[in-house]
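With the hints as extra help, turn the sequences into a complete structure.
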Amino acid sequence: MKLITAIIKPHMLDGVRDALSKSGIKGLTVTEVKGFGRQKGHTEVYRGVEYSVDFVPKVKIEIVTDDEHVASAIASITESARTGEIGDGKIFVSDIGQAIRIRTGESDSAAL
Amino acid sequence: MKLITAIIKPHMLDGVRDALSKSGIKGLTVTEVKGFGRQKGHTEVYRGVEYSVDFVPKVKIEIVTDDEHVASAIASITESARTGEIGDGKIFVSDIGQAIRIRTGESDSAAL
Amino acid sequence: MKLITAIIKPHMLDGVRDALSKSGIKGLTVTEVKGFGRQKGHTEVYRGVEYSVDFVPKVKIEIVTDDEHVASAIASITESARTGEIGDGKIFVSDIGQAIRIRTGESDSAAL
Amino acid sequence: MKDTPRRSFARLFLLALFGVALLPHAALAQDVSEEMFAVNNTWMLVATFLVFIMHLGFACLESGLTQAKNAVNILFKNTGVISIGLITYAFVGFNLMYPGDFNGYVGFAGFGIDAGPEGVTSAYNTGYTYWTDFIFQAMFAATAATIVSGAVAERIKLNSFLIFTTIYVAIFYTIAGSWKWGGGWLDQMGFYDFAGSTLVHSVGGWGALAGVIVLGPRLGKYGAHAKPIAGHSMPLATIGVFLLWLGWFGFNGGSVLSADPGLVSLVFVTTSLAAAAGVIGAMIMSWSVQHKPDLSMVLNGALAGLVGITAGADVISVNFSILVGLVAGIIVVGSVLYIDRAKLDDPVGAISVHLVCGIWGTLAVGIFSADHSFVTQLIGVLAYGAFSFLGALLIFFALHKSIGLRVSEEEERMGLDVGEHGMEAYGGFQITH
Amino acid sequence: MKDTPRRSFARLFLLALFGVALLPHAALAQDVSEEMFAVNNTWMLVATFLVFIMHLGFACLESGLTQAKNAVNILFKNTGVISIGLITYAFVGFNLMYPGDFNGYVGFAGFGIDAGPEGVTSAYNTGYTYWTDFIFQAMFAATAATIVSGAVAERIKLNSFLIFTTIYVAIFYTIAGSWKWGGGWLDQMGFYDFAGSTLVHSVGGWGALAGVIVLGPRLGKYGAHAKPIAGHSMPLATIGVFLLWLGWFGFNGGSVLSADPGLVSLVFVTTSLAAAAGVIGAMIMSWSVQHKPDLSMVLNGALAGLVGITAGADVISVNFSILVGLVAGIIVVGSVLYIDRAKLDDPVGAISVHLVCGIWGTLAVGIFSADHSFVTQLIGVLAYGAFSFLGALLIFFALHKSIGLRVSEEEERMGLDVGEHGMEAYGGFQITH
Amino acid sequence: MKDTPRRSFARLFLLALFGVALLPHAALAQDVSEEMFAVNNTWMLVATFLVFIMHLGFACLESGLTQAKNAVNILFKNTGVISIGLITYAFVGFNLMYPGDFNGYVGFAGFGIDAGPEGVTSAYNTGYTYWTDFIFQAMFAATAATIVSGAVAERIKLNSFLIFTTIYVAIFYTIAGSWKWGGGWLDQMGFYDFAGSTLVHSVGGWGALAGVIVLGPRLGKYGAHAKPIAGHSMPLATIGVFLLWLGWFGFNGGSVLSADPGLVSLVFVTTSLAAAAGVIGAMIMSWSVQHKPDLSMVLNGALAGLVGITAGADVISVNFSILVGLVAGIIVVGSVLYIDRAKLDDPVGAISVHLVCGIWGTLAVGIFSADHSFVTQLIGVLAYGAFSFLGALLIFFALHKSIGLRVSEEEERMGLDVGEHGMEAYGGFQITH
Ligand SMILES: Nc1ncnc2c1ncn2[C@@H]1O[C@H](COP(=O)(O)OP(=O)(O)O)[C@@H](O)[C@H]1O
Ligand SMILES: Nc1ncnc2c1ncn2[C@@H]1O[C@H](COP(=O)(O)OP(=O)(O)O)[C@@H](O)[C@H]1O
Ligand SMILES: Nc1ncnc2c1ncn2[C@@H]1O[C@H](COP(=O)(O)OP(=O)(O)O)[C@@H](O)[C@H]1O
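Protein chains in written order, with our numbering: chain Z, 1 to 112; chain P, 1 to 112; chain A, 1 to 112; chain B, 1 to 433; chain L, 1 to 433; chain H, 1 to 433.
Calculated from the structure, these hints are not laboratory results. You may find that some hints are simply not true.
What the hints assert, rightly or not - Between beta-carbon pairs, the in silico distance windows are:
1) L:D31 - H:W185: 56 to 64 Å
2) H:N159 - A:I86: 27 to 35 Å
3) B:D31 - L:D371: 28 to 36 Å
4) L:A123 - H:N103: 40 to 48 Å
5) H:S317 - Z:H11: 52 to 60 Å
6) H:T376 - L:D31: 15 to 23 Å
What the hints assert, rightly or not - Facing chain H, according to a computed beta carbon distance under 10 Å, are these residues of chain Z, among others:
7) T43
8) Y46
9) R47
10) G48
11) V49
12) Y51
13) S52
14) V53
15) E62
16) I86
17) D88
All C-beta atoms in this analysis are idealised placements derived from N, C-alpha and C, irrespective of residue type, glycine included.
Take a look at the structure:
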């Protein structure tokens, strides 16, 4: 099993979730995060003092899936999350050794 | 060392933390997340327009622990987080190569 | 490639980000989390009832980087995040199998 | 040109009594100039909008002291209560509360409201027109139900609550009110409640107590983990209390029922000082007992002082008003702790503020005013207590047995906002940074 | 000592008419005592500050019903609108709206304001001084622009909006106002609009409609995903509506233009009952149509009732005022649904509340008051509609073609707070737990 | 029936002076009808509750412009300040500020308050009863301390602040006040301060400056990272400013000390236009200097205009009032920038708004009113500056040396809410979505 972590633009979330659903993904977990990268933040002013806000709002999607579904999931994400502009985000893939469904105790593939 | 990631129902957090404490876990990190899975969200209405909220509030617990404690930690979580209803959540386990305590520079087991 | 996960004190974030920038890290993702560990929370009172708040606000930084940059990144974090007091936090390192830049489709090192 | 005794007999009587008591050499004006009538009426209308704003105060206080996931529900209830209150008061309430000549227990002057030609002149009353009389009283009426709202928050079904409100405001509050302000048996007996420590606040508080008992505590409130259920916004709660305090200038100040300079200004002073002393009393208690000064307690302290002085704002001296407020502030903290220990789950402290301090305030009139009897005050307290508590218990119980009173466990956990209203108080995937 | 007809001819006429209608045996005071003048003026100043607080009401309501990322922008606009409104009304507006003797269509009494020696005596008007007249009217004026603000929220450029406001309030609102309140042609014809269902609310509503049409909907509003764009804070929206309701006691109550006890208190009653009935109407509609009672609809219902009764608060009977409010509450829910289906994106429901219910209220005078003609009311509605809608369309279109009306897509997505103001409504890496 | 000179000698004198100046043909009423007394007193009580609501305004503004982790602390302080202020003013303040005949520097008419039989008649004063006099003044008194609260926020110890407040309000504010409003030496000299640009706002501002100097800046404010410490809720801050503006109608309007139609309405106009002009001044400055229009600056601009006009709201012409406000709005932005550059850490801009614009307003009387001398105004400004700044410095320094003034670094970082109160402003593991 693999964990696919995608960091995307917040307003692309609904589209990405739909695309993933279509490609057969049944579960995922979303977190609000802030990103720092090539996409620069912006300048803010508060009571006369300018300062740069380096962090950009992003959404992190985490999907644990069987190895075989990884490629299609990645393809779904890249297509649905791309705007072509800087800051579209990243996808990282890592290994998961074990997965358990709390409700039933099922494990691994059956748990997803 | 392993990273145990558990996604649970928010109101089970206190119980899970107690159970983990009892089973010898000394540290963990908690994040508010939204989950998408078998447990469906609900329908909301705003100014006459119905729409479905697919994401359900969840809490993610991350625990890095020695390999030997993994099984007991998992057991603690499954027991304390289970309500028996859909949406109780998942546990994922992956490998951690290195752990460091910032304050002292201690590493691996000693750092946990 | 490695994923470096650092859990630090919130007010150290700006310093850590600067230190990482200097050591050549170009991207990272930040999440607000709550930590449970050696650093105890505090006691609160609400309408006459005392209770202990066990969770302490922390910030989680995630950095995916080439293996060769891991050591210097860890060094940057430990130096810039240390106050010497309990609760300074942890650094965990794990493997990342694959990285993709959504905008371009570039992968692995080129994607970071 | 003479005052009509129809609705305001009892009040005029009191005005005369204390007007004379305070201004011994001024003859009581039996008829007034057009100008004085206009001043009086203007002041009463100002008082009316001040009492109106108390409903926003309650909405803010109650939603601030409860969880974010139930905020829409509370705001909805409070918007509904004032609206239902006003309409039912127009249809039946006003004429139940002020039935004119009646047996002293229950009377009814008929459906609907109508000023008639005399109703807009000082022949109706030297202090206000018929319309002013109605609207000022109507704003009061809904208050009693709103008090209940906070205590039963986070677990009561919306429709059941609204039915309770309608019945309690339209019938129980008004009949009880007629006993004193309508010139009924307690008024005859000499019972005194200037602006409603008992008639409004205790009546609301008894309803709250009944609701809390029938409903039971919120899930997890008295569970293994001692963590109390914290309110989600202290700024909102604070806005609420300041608006309530503001509104009280009309609640008490308007209860003079004219713009009498001496009386209204005296009432402003006693009301303000009692509230301030309530804050200080609660601050001292909270700081010394809990070590950490608790804002929510101090806010309750202000209200405690206000409720405490309401029964006697015009007959208690300025120095004693400070004492009444101070004691109320101390009592309220103790009461919140005690009620919580008794496992009566009142999220906003409504029982302590409105019931306990309402009783204190009513009895205080018997203690600090030479002209009133402690025993009579006590009789009033008990009579109102029995009637409203049993009445509220009956309604709640009937609802419990019929359409149900409490939301499902799942709904309670998810929050009533999503469950009852399908919406969130703080909507949107809130990425604001 | 006699009333000056300069500004208040039309109003005095009406006051006479209905004053007489309601108080048949009272001769209309052509001159008043010093005392009565002071009471009247004091009430008008109280009404003035009540209308002022409506601007906070709008600011809260509009920011509550929109997204957190645009809250600073909305608060800024609302602070700007009242300020620009007051200043331009002093420079040109007051004298455009009340030009004295004029051709009935457009007149101008000159720049700036000046009371003159008579202006502070009852020789100016028995109800208020020149200064009171100005400041009461000035508080009204900015309202029309603020109504537009909510409808065009979350996408309009700040500078364009402020230019629109300046022109719309200083010129269009005031010229339109002169037709009726200034004694112009519609006034001559017998058109009636007590406190501005049409003159203020519809005029604002037409501006809102024009803005929404020229601007188009917010990004993603009518996209593939049906998820509506939820407001970020229901407590804020509720505070807004209660403050608006409070302000309406001055908006309508002050439109009596004196402290006349009968009239002002009647207006308090009709205003309150219409608002309450509006809540109940919207509650019933929302509960039955949507199954889940929607707080934002119920809040709109209160405003709908208030807007609805505004045209006839002094001439519609108490029972009918309940009906007017109830219908307004029902209409507003239907209208919000319909306008949304027509893909007109109005985030706060301004068009439904102010335009649709403004029209309803104006026509209701023709229906429920025997003294007014439905046809004349309709002519007024149409005349105001044509003038304000075309006027607003013209300004918006000119801005669109010149400096641009709408922010960039990126800015809209990021939020106007960061884009236009470089700041956040809820600043700081908010670690509060 | 004649006015008692006891407390109101100085004020009557001024009223006479300007009453005559503005209404040249009206003889000054030395005794008034019962009706006029009632109107006057009613207006003064309305003004009183308006000033009261300013305390909520301050609470909202200050907590909005600071961090969420300190919100409870600020709300607690503001609730405490008004309460302590009212009680101490009753015990000693009123009689220190209005000692009757005295040496012009310090006098004391004894502990406690008591109207006596004449105190509730127009024999006390034609404009208000003794009780009204007291409560109106008492609401003012606490304002001075509340101004300090914002400037020292996020780092001052709660108990030290409350002790400071008690001493500053009870003794320094009142003695300073007696110099002018009590009929003391500055009043004799012809110094003019209508509603307290200097007596209230500058006195508060000097206290704020002293506090900021003794305390030093918040942790990290002037550190390596330029990121300023953003306020956590702009809606809260905006609510605060609108409520303050609302309250100012009572603050200035009530300072007429009667319901005089011409004067009160003039004051409404100058006050509103100055506030509006302040907004516009700050908007222009902020837009041109910072490129992005800063809401927090514009909000400060409204207050700047209000503080600026406070000293001369009744003697500055309407056109000049716009100028005074505009300049205040411009000044306040410059001042905030300058004070920040001087590393004086004032989170809410209290020094710029209340001290700097308070001085500007006081001097503006000397510039724009022919009847007042610039030099005398300057002497007043300097005298009040020296006395209040040194006084505040002394108290703060004594507290610093004894029980300590500042919370620990750890507490400051964690927030004073948890540190001082053991509670959170936005409690609960807030899962609302
Ligand atoms: N090395 C990294 N490790 C972790 N997160 C990263 C890394 N680089 C980028 N990110 C995340 O991805 C987001 C997008 O990256 P960015 O460099 O701005 O644009 P792009 O992906 O188009 O090159 C960042 O805001 C950050 O959250
Ligand atoms: N494949 C997955 N990857 C990541 N998170 C998942 C995955 N499947 C489920 N989750 C998380 O677990 C939560 C519970 O899953 P769900 O399918 O609703 O119920 P259950 O675990 O009882 O089958 C989801 O809300 C989501 O946060
Ligand atoms: N085993 C663990 N797994 C995951 N997170 C941990 C673990 N131990 C500690 N943490 C995180 O690190 C933070 C700091 O740890 P703590 O024990 O308080 O101090 P220190 O790191 O100085 O020993 C905790 O608040 C928690 O968020």
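Hints, verified against the model:
1. L:D31 - H:W185: 56 to 64 Å: Given about 46 Å between the Cβ atoms, the range is violated.
2. H:N159 - A:I86: 27 to 35 Å: Since the Cβ atoms of N159 (chain H) and I86 (chain A) sit about 28 Å apart, the hinted range of 27 to 35 Å holds.
3. B:D31 - L:D371: 28 to 36 Å: Taking Cβ atoms as reference, D31 (chain B) and D371 (chain L) lie about 32 Å apart, which means the hint holds.
4. L:A123 - H:N103: 40 to 48 Å: With Cβ atoms ~46 Å apart, the hint holds.
5. H:S317 - Z:H11: 52 to 60 Å: Given a distance of about 54 Å, which is inside 52 to 60 Å, the answer is holds.
6. H:T376 - L:D31: 15 to 23 Å: 42 Å, violated
7. T43: 8 Å, holds
8. Y46: With Cβ-Cβ at 5 Å, under 10 Å, it holds.
9. R47: 6 Å, holds
10. G48: Cβ of G48 (chain Z) sits 4 Å from chain H, so the hint holds.
11. V49: 4 Å, holds
12. Y51: Check passed: Cβ of Y51 (chain Z) comes within 4 Å of chain H, closer than 10 Å.
13. S52: Status holds, d = 8 Å.
14. V53: 8 Å, holds
15. E62: 17 Å, violated
16. I86: Nearest chain H Cβ about 23 Å off; hint violated.
17. D88: 24 Å, violated
Of the numbered hints given earlier, the model fails hints 1, 6, 15, 16, 17; all others are met.
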